[in-house]
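Chains as they are written, first to last, in the numbering used here: chain A, 1 to 162; chain B, 1 to 162; chain C, 1 to 162; chain D, 1 to 162; chain E, 1 to 162; chain F, 1 to 162.
Read the hints as simulated data drawn from the structure, not as lab findings. Even for Gly, the Cβ is constructed at its ideal location relative to N, Cα and C. Among the clues, some could well be false.
Straight-line alpha carbon distances no greater than 25 Å define the calculated BS3-like cross-link-like pairs of lysine-lysine that follow [said to hold, decoys possible]:
#, chain 1, residue 1, chain 2, residue 2
1, C, Lys22, D, Lys135
2, D, Lys135, F, Lys15
3, E, Lys135, B, Lys69
4, E, Lys39, E, Lys135
5, A, Lys26, A, Lys135
6, A, Lys15, F, Lys15
7, E, Lys46, E, Lys15
Restraint ranges, calculated between C-beta atoms of paired labels, are given here [stated by the list, open to error]:
#, chain 1, residue 1, chain 2, residue 2, range
8, A, Ala132, C, Ser159, 27 to 37 Å
9, C, Ser156, F, Asp134, 51 to 61 Å
10, E, Ser38, F, Met133, 27 to 37 Å
11, D, Ala136, E, Lys26, 26 to 36 Å
12, B, Met160, A, Ala132, 43 to 53 Å
One-letter residues, chain by chain:
6 protein chains.
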Amino acid sequence: MDEQLTHFNEQNRAKMVDVSEKAVTKREAVAFSKVVMSKETMSRIKEGKISKGDVLSVAQVAGIMAAKKTAEIIPMCHPIPITGVDIQFDDSSEDTVLIEATVKTTGVTGVEMEALTAASAVALTIYDMCKAMDKAMVIGPTYLVTKTGGKSGDFSRESMES
Amino acid sequence: MDEQLTHFNEQNRAKMVDVSEKAVTKREAVAFSKVVMSKETMSRIKEGKISKGDVLSVAQVAGIMAAKKTAEIIPMCHPIPITGVDIQFDDSSEDTVLIEATVKTTGVTGVEMEALTAASAVALTIYDMCKAMDKAMVIGPTYLVTKTGGKSGDFSRESMES
Amino acid sequence: MDEQLTHFNEQNRAKMVDVSEKAVTKREAVAFSKVVMSKETMSRIKEGKISKGDVLSVAQVAGIMAAKKTAEIIPMCHPIPITGVDIQFDDSSEDTVLIEATVKTTGVTGVEMEALTAASAVALTIYDMCKAMDKAMVIGPTYLVTKTGGKSGDFSRESMES
Amino acid sequence: MDEQLTHFNEQNRAKMVDVSEKAVTKREAVAFSKVVMSKETMSRIKEGKISKGDVLSVAQVAGIMAAKKTAEIIPMCHPIPITGVDIQFDDSSEDTVLIEATVKTTGVTGVEMEALTAASAVALTIYDMCKAMDKAMVIGPTYLVTKTGGKSGDFSRESMES
Amino acid sequence: MDEQLTHFNEQNRAKMVDVSEKAVTKREAVAFSKVVMSKETMSRIKEGKISKGDVLSVAQVAGIMAAKKTAEIIPMCHPIPITGVDIQFDDSSEDTVLIEATVKTTGVTGVEMEALTAASAVALTIYDMCKAMDKAMVIGPTYLVTKTGGKSGDFSRESMES
Amino acid sequence: MDEQLTHFNEQNRAKMVDVSEKAVTKREAVAFSKVVMSKETMSRIKEGKISKGDVLSVAQVAGIMAAKKTAEIIPMCHPIPITGVDIQFDDSSEDTVLIEATVKTTGVTGVEMEALTAASAVALTIYDMCKAMDKAMVIGPTYLVTKTGGKSGDFSRESMES
Chain A
1 MDEQLTHFNE QNRAKMVDVS EKAVTKREAV AFSKVVMSKE TMSRIKEGKI
51 SKGDVLSVAQ VAGIMAAKKT AEIIPMCHPI PITGVDIQFD DSSEDTVLIE
101 ATVKTTGVTG VEMEALTAAS AVALTIYDMC KAMDKAMVIG PTYLVTKTGG
151 KSGDFSRESM ES
Chain B
1 MDEQLTHFNE QNRAKMVDVS EKAVTKREAV AFSKVVMSKE TMSRIKEGKI
51 SKGDVLSVAQ VAGIMAAKKT AEIIPMCHPI PITGVDIQFD DSSEDTVLIE
101 ATVKTTGVTG VEMEALTAAS AVALTIYDMC KAMDKAMVIG PTYLVTKTGG
151 KSGDFSRESM ES
Chain C
1 MDEQLTHFNE QNRAKMVDVS EKAVTKREAV AFSKVVMSKE TMSRIKEGKI
51 SKGDVLSVAQ VAGIMAAKKT AEIIPMCHPI PITGVDIQFD DSSEDTVLIE
101 ATVKTTGVTG VEMEALTAAS AVALTIYDMC KAMDKAMVIG PTYLVTKTGG
151 KSGDFSRESM ES
Chain D
1 MDEQLTHFNE QNRAKMVDVS EKAVTKREAV AFSKVVMSKE TMSRIKEGKI
51 SKGDVLSVAQ VAGIMAAKKT AEIIPMCHPI PITGVDIQFD DSSEDTVLIE
101 ATVKTTGVTG VEMEALTAAS AVALTIYDMC KAMDKAMVIG PTYLVTKTGG
151 KSGDFSRESM ES
Chain E
1 MDEQLTHFNE QNRAKMVDVS EKAVTKREAV AFSKVVMSKE TMSRIKEGKI
51 SKGDVLSVAQ VAGIMAAKKT AEIIPMCHPI PITGVDIQFD DSSEDTVLIE
101 ATVKTTGVTG VEMEALTAAS AVALTIYDMC KAMDKAMVIG PTYLVTKTGG
151 KSGDFSRESM ES
Chain F
1 MDEQLTHFNE QNRAKMVDVS EKAVTKREAV AFSKVVMSKE TMSRIKEGKI
51 SKGDVLSVAQ VAGIMAAKKT AEIIPMCHPI PITGVDIQFD DSSEDTVLIE
101 ATVKTTGVTG VEMEALTAAS AVALTIYDMC KAMDKAMVIG PTYLVTKTGG
151 KSGDFSRESM ES
């Protein structure tokens, strides 16, 4: 078949990029997201009174489990042996939960997608657990904060929260 | 055990709410997200020249498959027999891809989370496929646009894009 | 092929039993498990000082998510639209966490396996989060407590805890 | 967004077709596949002497579990409440295992894909368990034999084995 | 965000512990479980006459596949490249199936959870396949028997069966 | 238990073979499949007019995602860190789509099953997206074309297409 193989639709072809030659290094990525809600919803979260349970505790678990599912959700993502995930919250505002997801690996590809997926799953879970009282919540912006390790160099951006 | 069962940590307990008594009705939800990027990245997407493949085509598939995975990602979500998913894009801007995910079901719970999860997975996939050239892309805001069907009534919000 | 089909290994053949003719009814099952540990481990759980986080809160989420995964874990289990899951703990003992998992559905098969799987996942998660300090913990016995709904009739057993 | 929404790439857009209006009926599909191998491999299977275990028994379980995973593997497939799966073998030939997978549901879409996916997973598992001794095995042809139930009518084809 | 980040709920925060610095070594864990049942059920298992198929053969496959799913089921578990799984039974008793699951890896974390999860899935599958005739079966106790490899040292306990 | 453990059913026992001692090397496998259909269906695929979307684009994504799921679908398969997947088509015929799936890894086991699973998922997805107009499509034969890397040596077979 090889001889007659016309690289069908070459420019549009989806593939999982070959990373066989990339070096195994320690890598870390931090992603940010947030959920903006009504003050009442926010105060209910702080009081732990949402009927589905302690919102942030469940959302943390969701984020960590989603980080492990990243390669199942993002089609061209390589499966990665994650070595650590940490989810942190800042709930000092009246109407916003800030989310920071840190993911580490020792592998051949970065963990930007794992961090972004974790942060997104945390935000979606917060939405899910509060939606009975507040469907107008808004998720994001969601973005990469820092990325270290790997040949393409480090990345760091200013926080959009000020 | 039942007599001695102290409802441990009653106010903080996570549970999947019982929906056995809810009626089976047709339901639909529409969620919105977007990805803001550099103009160069945007023009590469339109030209179909991102090395991982045709970005929006892959992202559509990712969104549809993620909708089916919602109950695996969001801990307290009920498993739902999705009857339809549609992902649409608006790429008429110079630097932003707008994403709209519509999910339908005939079931006992709404599909808000399925629509929001689909829209998020689409955005994350766009990020993944373009991140080699542009790590500063920003996802969202991501939010529910409309929801119809079910006892809690319809929901509709003004678009945040103007 | 049909004519020549010898029902290979008829008596040993694994199959998912046909439930097409069974009635859709409300069903509920309650399963029990427990984890016996050292008094020190138990007191650390109560103080919330295990380094991996609040043990019972994470275990609850694990149990609920595992209930939804039952048909993926148990080969001959039918996929079931779970309508509710509740996990409760009794931690009044000095060295044992009692676990009770209740699962509901409106469907054609019972949810015994979902309740037993949830209880097992809760116990395994407690083990996981405490194993750095106590590898000798013992899980179980794990058993069905009650089952209601469906043609085969209700089931109820005496608790083995006394 | 709706007004400005250009139906991007309308003709190429992937979507999960809306089946909300379709009737719930009993449906069944039967798919066929086979694995052709060396006579020596075939006789080892019959003797149950493949080092990884009893080949056909494992393959049956794989097929049943794969049927339940169909909507995760095939992007546009609707999730379906499978009500029964049966895998049967004909190993009367000297060099070929014939595979027949029957899947049933009571739902809004057919189970052709579930039957074909089950048959494929059975064949792949046979390959996996025998590949240490025979990498030249050939899977298929794999095809739909019959399909009943649903508005589009029944389907039946002549067996390609003769 | 980092400056303002209050480590919300520090003592209760769930996280996947960072194992980036741990050494890659060969590791093995053995877990035990059992299922106690009526003598009639036990004799039916031995005769291979349970209607769902050869019980122990299906349960073995379930245990092996569950070992691979451990990091999906146990929230804080690291994904691990399992290098071997073996499930063994002792059915010499009149009313009890003894289960021993051995899991191996070459990695940075132990495989205790994989072995315990495999043993639990085996036991749950035995329950599932026999529950039509015996709902009073009891699973467990389930516990770690031995663990070798890794910095925390080896672990071994006396069997609880005597 | 160890002393009394009778290696139940030794010859029929399913296990995941221990690969702890195998060397980590670069490995690659190429698998082939095809879908034979009516000329009308084939011309509709080329025109991109199948109602579910651009068939081959969706099938490529399905194949890549299925490669990552191989160890979930094939019971005795080891989980593998895939480093690259490429799916190519030849659609130059009037009635047949040829499929070639290439999978790479750097690991202890080969990727034959990943390549075969990817090719099968591609073929199944093509079937799914065209089945509304053509249920008589035939998948396969599906087979391994080449395999390189690993102790068991390279493998290569002549194409069955001529």
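Of all the hints given earlier, name the ones this structure violates by number, lowest first. Per hint list: 1, 3, 5, 6, 7, 10, 12 violated.
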